[in-house]
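Throw the hints in and build the complete structure from the sequences for me.
The lines below spell out each chain.
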Amino acid sequence: MNIKKYLQVYSYFNYSSFSIELEYKINLFIDLLTSILGLIGSVFLLSIFFSNTDEIGGWNFNQALIIQGIYTILNGVTNTWFNPNLKEIVKYIREGTLDYVLLKPIDSQFWISFKRISPTGLIEILLGFFVLSYCFYINNISFTIWSFILLIITLICSISILYSLWFLISTTTIWFVKTWNATEVLRSFLYMGRFPMDSFSFSLRIFFSTVIPITFITTIPSEVLLGLSPAWKIILEVLVSMTFLIFSRKFWKFALRFYTSASS
Amino acid sequence: MRKNIIEVKDITKSFTISAKTPGIKGTLRHFFNRKTIEKKVVKNINFEINEGEIVGFLGANGAGKTTILKILCGLLYPSNGYISVAGSRPFERETSFLKKITLIMGQKQQLIWDIPPIDSFYLNASIYGIEKNEAIKRIKDLSEMLEIDSELYLPVRKLSLGQRMKAELLAALIHKPSILFLDEPTLGLDINAQANLRKFLQIYNKQTGATILLTSHYMKDITYLCKRVICIHEGYITYDGKLEKLLTKLSPNKDVSIICKSIKDIENLKKLNLEIKNINDNQITFTVNKLDFKNTLKEILNKFDIEDLHINEPPIDEVIGKILINKK
Chain A
1 MNIKKYLQVY SYFNYSSFSI ELEYKINLFI DLLTSILGLI GSVFLLSIFF
51 SNTDEIGGWN FNQALIIQGI YTILNGVTNT WFNPNLKEIV KYIREGTLDY
101 VLLKPIDSQF WISFKRISPT GLIEILLGFF VLSYCFYINN ISFTIWSFIL
151 LIITLICSIS ILYSLWFLIS TTTIWFVKTW NATEVLRSFL YMGRFPMDSF
201 SFSLRIFFST VIPITFITTI PSEVLLGLSP AWKIILEVLV SMTFLIFSRK
251 FWKFALRFYT SASS
Chain B
1 MRKNIIEVKD ITKSFTISAK TPGIKGTLRH FFNRKTIEKK VVKNINFEIN
51 EGEIVGFLGA NGAGKTTILK ILCGLLYPSN GYISVAGSRP FERETSFLKK
101 ITLIMGQKQQ LIWDIPPIDS FYLNASIYGI EKNEAIKRIK DLSEMLEIDS
151 ELYLPVRKLS LGQRMKAELL AALIHKPSIL FLDEPTLGLD INAQANLRKF
201 LQIYNKQTGA TILLTSHYMK DITYLCKRVI CIHEGYITYD GKLEKLLTKL
251 SPNKDVSIIC KSIKDIENLK KLNLEIKNIN DNQITFTVNK LDFKNTLKEI
301 LNKFDIEDLH INEPPIDEVI GKILINKK
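Chains as they are written, first to last, in the numbering used here: chain A, 1 to 264; chain B, 1 to 328.
These are computed hints drawn from the structure, not numbers from a lab.
Even glycine gets a Cβ: it sits at the ideal position worked out from N, Cα and C.
Possibly wrong hints are sitting among the right ones.
Below, computed lysine to aspartate or glutamate pairings styled on EDC-like, alpha-carbon distance capped at 20 Å [claimed, not checked]: (1) LYS5(A) <-> GLU134(B); (2) LYS290(B) <-> GLU244(B); (3) LYS108(B) <-> ASP31(A); (4) LYS270(B) <-> ASP292(B); (5) LYS25(A) <-> ASP114(B); (6) LYS253(A) <-> GLU318(B); (7) LYS254(B) <-> GLU318(B); (8) LYS4(A) <-> GLU131(B); (9) LYS176(B) <-> GLU53(B); (10) LYS104(A) <-> GLU94(B); (11) LYS220(B) <-> GLU267(B); (12) LYS250(A) <-> GLU94(B); (13) LYS104(A) <-> GLU134(B); (14) LYS108(B) <-> GLU95(A); (15) LYS245(B) <-> GLU318(B); (16) LYS4(A) <-> GLU134(B); (17) LYS104(A) <-> GLU92(B); (18) LYS99(B) <-> ASP107(A); (19) LYS250(A) <-> GLU92(B); (20) LYS176(B) <-> GLU134(B); (21) LYS158(B) <-> GLU21(A); (22) LYS158(B) <-> ASP107(A); (23) LYS87(A) <-> ASP114(B); (24) LYS158(B) <-> ASP190(B); (25) LYS294(B) <-> GLU244(B); (26) LYS40(B) <-> GLU244(B); (27) LYS104(A) <-> GLU131(B); (28) LYS5(A) <-> GLU94(B); (29) LYS91(A) <-> ASP114(B); (30) LYS253(A) <-> ASP190(B); (31) LYS5(A) <-> GLU131(B).
Covered by chain B, per the in silico footprint, the following chain A stretches (three or more residues, Cβ under 8 Å) [to be verified]: (32) 10 to 22; (33) 187 to 197; (34) 232 to 245.
Written as structure tokens, this is what we have:
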């Protein structure tokens, strides 16, 4: 793979996306406002849960706020990259414009996953990091380079799992053509990630950590920050994310064999 | 002798499609118990295409033209058969193969809707690994050929269909492909835009020696560009050869109307063993075989003093229309 070429193409992707977003100024402003109000709403919801109790599943409000911060970052990543790109797969397949992608000397998964970027999601990522740094302060977390590296690793793994899940569901469009609802379900499952894994019942915990590993992706980075995560959990997350990534890629390659293109 | 750039041997393509009966009952049955049928869209076709040729695919809607184009450019796996395009197996979609071909579809677009075409060109150039300076040069050359300039800096959605098609062509040709697959490129364009596009394709073919495969329902596209046509009917090739020969085969005669100066000439003309269709005062209309046309007309012009002459050929759309409904 020619890294230089892919970086250049990616910079053109970003440039064209920014150009598109800037064409619609009001929309940009509304998206910004939505991100900020969304975060305020989530923190407010969390505070309601904690208004009558000090702990949920062993997590107090200040600690749970870390999960909120991680969730905001992941939601930002979702809004920046996954939502604008992976939602389009359905369109590519229904309208047959995937033809143009497949005929370009470039990796089709790369094109489909990174063609668009929605800059307003970046604000959410910044807001998430802002909440996290506030959590450092209120939880008296001693910040070390090591914990920062681990946080970044677990965050990357979380993003990979989320991406793979989304991509896998979208890939099934090749057979089923319309799968908008399935990705919406995944999105609503992501909301579950705003709460600590331990606050769910045992069976739900199993469901959300194995079938759809949503809680995995927010709880483990939060535990890493608090110094509560044992090494095996981190290794497990790395392994799960790699498995999901490899599987999603293989599945895409397999599915393309069944692509029939839309008729003219 | 020019070498083959495309070889197709015994290609078949089937699709599994779900059949649905009309009405609410049919819809419910379709939802709960979907019945699928296997439909052969392309049936044992064979042909070869030489480098630099312009070949037109003719056939009614659903005949299998687009499917053949998509198999040739690697979008669809053939169910059976051997296929080679520019020395590659298309469906493997190797980078070296993809750099040699391009697909242009009249009803689908690759340009990014909200931004100027020029940005899409640079994106395409980077995908094909073309240096910026080289890309600038190629855009300049192609835009001159296509007679498009300031429009390249307007958002695509602000362009007219004709301008958009020109920009689509530019985006598709920036990597100098040697094989062009065109699926109804003039669809929806006005007469002038169609003519400009045809002219461009002809010049492009002459200048670069590119091979062009074209499907179109506008007969002018075919007659202007293609010496050779391949007719497809229900997935079979029913004719593969020169367009002129096909037209002679389908419409072997011409109608000639002559206005003579005197009724006496009409009487003498009758003696010439012509296939007379109509006589009206001093006007006579007869049918002549295209092969005898030249000699017959020469004889008449030499022997008679005529006032006016009309030669009528059935419109080409009508002639070609015959092969869209008949198998042979």
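Hint check results:
no.	hint	in the structure
1	LYS5(A) <-> GLU134(B)	holds, 15 Å
2	LYS290(B) <-> GLU244(B)	holds, 11 Å
3	LYS108(B) <-> ASP31(A)	violated, 30 Å
4	LYS270(B) <-> ASP292(B)	holds, 17 Å
5	LYS25(A) <-> ASP114(B)	holds, 13 Å
6	LYS253(A) <-> GLU318(B)	violated, 46 Å
7	LYS254(B) <-> GLU318(B)	holds, 14 Å
8	LYS4(A) <-> GLU131(B)	holds, 12 Å
9	LYS176(B) <-> GLU53(B)	holds, 16 Å
10	LYS104(A) <-> GLU94(B)	holds, 10 Å
11	LYS220(B) <-> GLU267(B)	violated, 40 Å
12	LYS250(A) <-> GLU94(B)	holds, 18 Å
13	LYS104(A) <-> GLU134(B)	holds, 19 Å
14	LYS108(B) <-> GLU95(A)	holds, 8 Å
15	LYS245(B) <-> GLU318(B)	holds, 16 Å
16	LYS4(A) <-> GLU134(B)	holds, 17 Å
17	LYS104(A) <-> GLU92(B)	holds, 13 Å
18	LYS99(B) <-> ASP107(A)	holds, 14 Å
19	LYS250(A) <-> GLU92(B)	holds, 16 Å
20	LYS176(B) <-> GLU134(B)	holds, 12 Å
21	LYS158(B) <-> GLU21(A)	holds, 17 Å
22	LYS158(B) <-> ASP107(A)	violated, 31 Å
23	LYS87(A) <-> ASP114(B)	holds, 18 Å
24	LYS158(B) <-> ASP190(B)	holds, 17 Å
25	LYS294(B) <-> GLU244(B)	holds, 17 Å
26	LYS40(B) <-> GLU244(B)	violated, 30 Å
27	LYS104(A) <-> GLU131(B)	holds, 17 Å
28	LYS5(A) <-> GLU94(B)	holds, 17 Å
29	LYS91(A) <-> ASP114(B)	holds, 17 Å
30	LYS253(A) <-> ASP190(B)	violated, 41 Å
31	LYS5(A) <-> GLU131(B)	holds, 10 Å
32	10 to 22	holds (count 6)
33	187 to 197	violated (count 0)
34	232 to 245	violated (count 0)
Comparing the model with each earlier hint shows violations of hints 3, 6, 11, 22, 26, 30, 33, 34; every other hint is respected.
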